[in-house]
Amino acid sequence: MDVNIYVIAAIMLYGIGIYCLLSKRNLIRLLIGLEILANAANLNFIAFSTIKASGLIDPLPHVFVIIAIVLHGCIIAIGLALVIMIYRIYHTLDVKKLKKLRW
Amino acid sequence: MMENLAKFLLPNFVLIIFSVITPFVGFLERKSKLKGLTGVWATISFLMASPFLYSLYQEVSKNGEVRFHYATFIPPIGVEFRIDMFSIFLSTAFILLGFAATLNSIRYIEHETGQDMYYVLLQLMVAGMIGVVFANDFFNLFVFWEVMCISSYSLVAFRKYRWEAVEAAFKYLVMSTFASVTMLFAMSFLYGLTGSLNFDQMAQILRSSSLTTLHQLLIGLIIVAFGVQAAIVPFHSWLPDAHPAAPSPISAMLSGVVIKTGVYAICRLLFVVLPWRVGIDVFLGAIAVLTMFVGNLMALPQRDVKRLLAFSSIAHIGYIMLGVSIATLNGLTGATLHVMNHAIMKGLAFLSFGVIIHQAGKVIGSTDEARIVDNIMGIGRKIPLTALTFTIAILALMGIPSLNGFVSEFIIVVAAVKKGGIFILFAALTLLNIGISVVYYLLLLQRILLRPTSKKLEEVREAPLSMIIPLVILSILCFAIGIYPRPFIQFAQKAALALLGSS
Numbered sequence: 012m013d014v015n016i017y018v019i020a021a022i023m024l025y026g027i028g029i030y031c032l033l034s035k036r037n038l039i040r041l042l043i044g045l046e047i048l049a050n051a052a053n054l055n056f057i058a059f060s061t062i063k064a065s066g067l068i069d070p071l072p073h074v075f076v077i078i079a080i081v082l083h084g085c086i087i088a089i090g091l092a093l094v095i096m097i098y099r100i101y102h103t104l105d106v107k108k109l110k111k112l113r114w
Numbered sequence: 011m012m013e014n015l016a017k018f019l020l021p022n023f024v025l026i027i028f029s030v031i032t033p034f035v036g037f038l039e040r041k042s043k044l045k046g047l048t049g050v051w052a053t054i055s056f057l058m059a060s061p062f063l064y065s066l067y068q069e070v071s072k073n074g075e076v077r078f079h080y081a082t083f084i085p086p087i088g089v090e091f092r093i094d095m096f097s098i099f100l101s102t103a104f105i106l107l108g109f110a111a112t113l114n115s116i117r118y119i120e121h122e123t124g125q126d127m128y129y130v131l132l133q134l135m136v137a138g139m140i141g142v143v144f145a146n147d148f149f150n151l152f153v154f155w156e157v158m159c160i161s162s163y164s165l166v167a168f169r170k171y172r173w174e175a176v177e178a179a180f181k182y183l184v185m186s187t188f189a190s191v192t193m194l195f196a197m198s199f200l201y202g203l204t205g206s207l208n209f210d211q212m213a214q215i216l217r218s219s220s221l222t223t224l225h226q227l228l229i230g231l232i233i234v235a236f237g238v239q240a241a242i243v244p245f246h247s248w249l250p251d252a253h254p255a256a257p258s259p260i261s262a263m264l265s266g267v268v269i270k271t272g273v274y275a276i277c278r279l280l281f282v283v284l285p286w287r288v289g290i291d292v293f294l295g296a297i298a299v300l301t302m303f304v305g306n307l308m309a310l311p312q313r314d315v316k317r318l319l320a321f322s323s324i325a326h327i328g329y330i331m332l333g334v335s336i337a338t339l340n341g342l343t344g345a346t347l348h349v350m351n352h353a354i355m356k357g358l359a360f361l362s363f364g365v366i367i368h369q370a371g372k373v374i375g376s377t378d379e380a381r382i383v384d385n386i387m388g389i390g391r392k393i394p395l396t397a398l399t400f401t402i403a404i405l406a407l408m409g410i411p412s413l414n415g416f417v418s419e420f421i422i423v424v425a426a427v428k429k430g431g432i433f434i435l436f437a438a439l440t441l442l443n444i445g446i447s448v449v450y451y452l453l454l455l456q457r458i459l460l461r462p463t464s465k466k467l468e469e470v471r472e473a474p475l476s477m478i479i480p481l482v483i484l485s486i487l488c489f490a491i492g493i494y495p496r497p498f499i500q501f502a503q504k505a506a507l508a509l510l511g512s513s
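Protein sequence lines, in the order shown, are assigned to chains A and B. According to the working numbering, the first sequence is numbered sequentially starting from 12. According to the working numbering, the second sequence is numbered sequentially starting from 11.
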């Protein structure tokens with residue numbers, strides 16, 4: 012099995028995630044962009060876990076990836092909770108309209 | 011008994027165990043009408059964690075390091091904690107400031123809802139930070155990193171009915187999660203290169219290979235990833251929003267210690283895991299100088315005092331990064347000591363100012379308005395004790411001799427001059443920056459202390475004792491390190507040696 016395909020896919024996913032973070036204006040889409048980025052890293056880990064020895068899969072990255080998915084779930088949950096609070100205060104999900112903070 | 015227990019219970023586990031019980035204490039508080047019970051419990055948890063840290067310190071000073079892994083999962087397959095002097099030094103700062111901030115919060119947040127959750131998050135944040143500095147593999151580092159980050163997002167948004175808090179927390183969440191995902195991405199490549207997540211094994215394997223473009227790219231990714239949390243300049247824009255938006259004790263924690271974990275991780279990876287340091291020192295030094303300039307110049311026009319203190323944190327991260335980039339024993343000693351000193355003095359500044367706006371907010375009606383310096387001119391005459399501790403903190407941040415900030419800044423500048431080459435220029439620019447910072451600190455002090463008190467501030471009273479005690483403790487430490495720095499410098503030197511010796 013060729014690992015390169017998966018690594019290239021992961022790098023492309025990472026690029027898509029960064030594009031999503033830079034170009035989208037909706038708060039929920041920003042969170043989806045973060046999820047895409049996280050999936051790129053997770054895919055990379057799983058792909059690399061197969062190359063340590065032929066016919067053997069290293070279990071540690073799998074454990075790591077499961078924990079990482081859970082942790083990102085927590086972060087996205089907090090992010091969505093913040094989005095709800097922002098919507099209650101501003102009545103919009105457009106990130107360009109949240110400009111009360113000075114830069 | 012204590013020593014046996016300390017073998018199984020690291021201070022971060024102690025804090026996690028306490029934090030699990032905290033909601034029940036909060037339940038008890040609501041049932042029994044004993045006000046402030048949860049806060050006292052959280053304060054006790056930090057007191058209880060410190061003897062565990064002390065017994066670890068004794069063990070580390072005997073053997074040089076302590077390794078800890080879960081019963082049957084032997085590293086490198088399992089995960090591992092490795093505690094050396096550098097970890098001990100930083101965890102001392104974390105627990106000290108955690109204790110001060112918790113004691114200060116008891117009265118500060120007494121009118122908020124969800125107090126028990128506040129203390130749970132505060133305990134978990136400190137536990138996460140201690141876990142980050144104890145970790146010896148990427149698994150532990152990442153898990154405790156996220157524990158710390160998730161708690162700090164929630165704490166920034168703790169007063170969730172305020173627009174500033176939720177907006178700043180969302181910005182912080184997006185930027186910091188981007189950083190931690192980038193860290194995960196870089197980790198996956200390092201895992202692919204070495205086949206291991208353990209720092210020791212990774213260092214061993216990487217040492218035998220030469221520096222390639224992929225390695226340089228990975229170093230760049232790692233500096234970006236941890237640089238966001240450390241607020242190094244191109245990635246600092248979340249800090250001046252998030253730190254003022256949090257409740258003041260949390261601002262003290264975030265500015266004092268949470269941003270230092272980013273610096274810690276950069277140090278640990280650059281000095282221990284990645285064996286090449288060619289060309290990075292000048293690059294890091296230039297970034298450090300840029301960080302100082304941005305922090306200091308942006309702090310100059312601020313009217314909002316908490317925002318000013320947040321920008322001054324960015325400047326101080328610049329001083330610390332300069333010490334790290336010098337990479338000699340003296341430079342690292344200065345940087346390590348400045349981590350501790352900045353934790354103490356910036357913690358003291360935020361806590362004191364928190365007390366000021368808490369007391370002034372009662373009279374003016376909103377703590378937001380009390381944050382603007384024009385509204386609290388001359389308040390120092392009304393609350394002399396708090397104004398005194400605030401003055402000590404500001405003078406220490408300024409770098410006045412006989413206070414602690416001077417000692418470590420002096421060591422860093424001298425180390426930079428000794429290193430020679432372009433670092434002499436960096437040292438000169440650092441001195442220029444300290445000069446700039448004196449301007450806004452003195453203006454701030456002049457406005458708060460020397461202007462005549464306005465009429466509406468006549469009613470302001472001195473804060474309750476439980477808010478003042480942590481301020482007094484931290485002020486005494488400021489003076490202690492400033493006047494008799496020798497034991498602290500030796501402690502920092504041991505910490506720096508632990509970092510340099512293992513590479």
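Keep in mind that a hint or two might mislead.
[Said to hold, decoys possible] Straight-line distance between alpha carbons at most 27 Å, and here's what the computed DSS-like set of lysine-lysine pairs gives:
(1) B/K170 / A/K108
(2) A/K35 / B/K181
(3) A/K35 / B/K170
(4) A/K108 / B/K181
Calculated from the structure, these hints are not laboratory results. None of these values were measured; they are calculated from a predicted model.
These are the hints, each one checked on the structure:
1. B/K170 / A/K108: holds (19 Å)
2. A/K35 / B/K181: holds (14 Å)
3. A/K35 / B/K170: The hint holds at about 25 Å.
4. A/K108 / B/K181: holds (13 Å)
When held up to the earlier numbered hints, the structure conflicts with none and fits them all.
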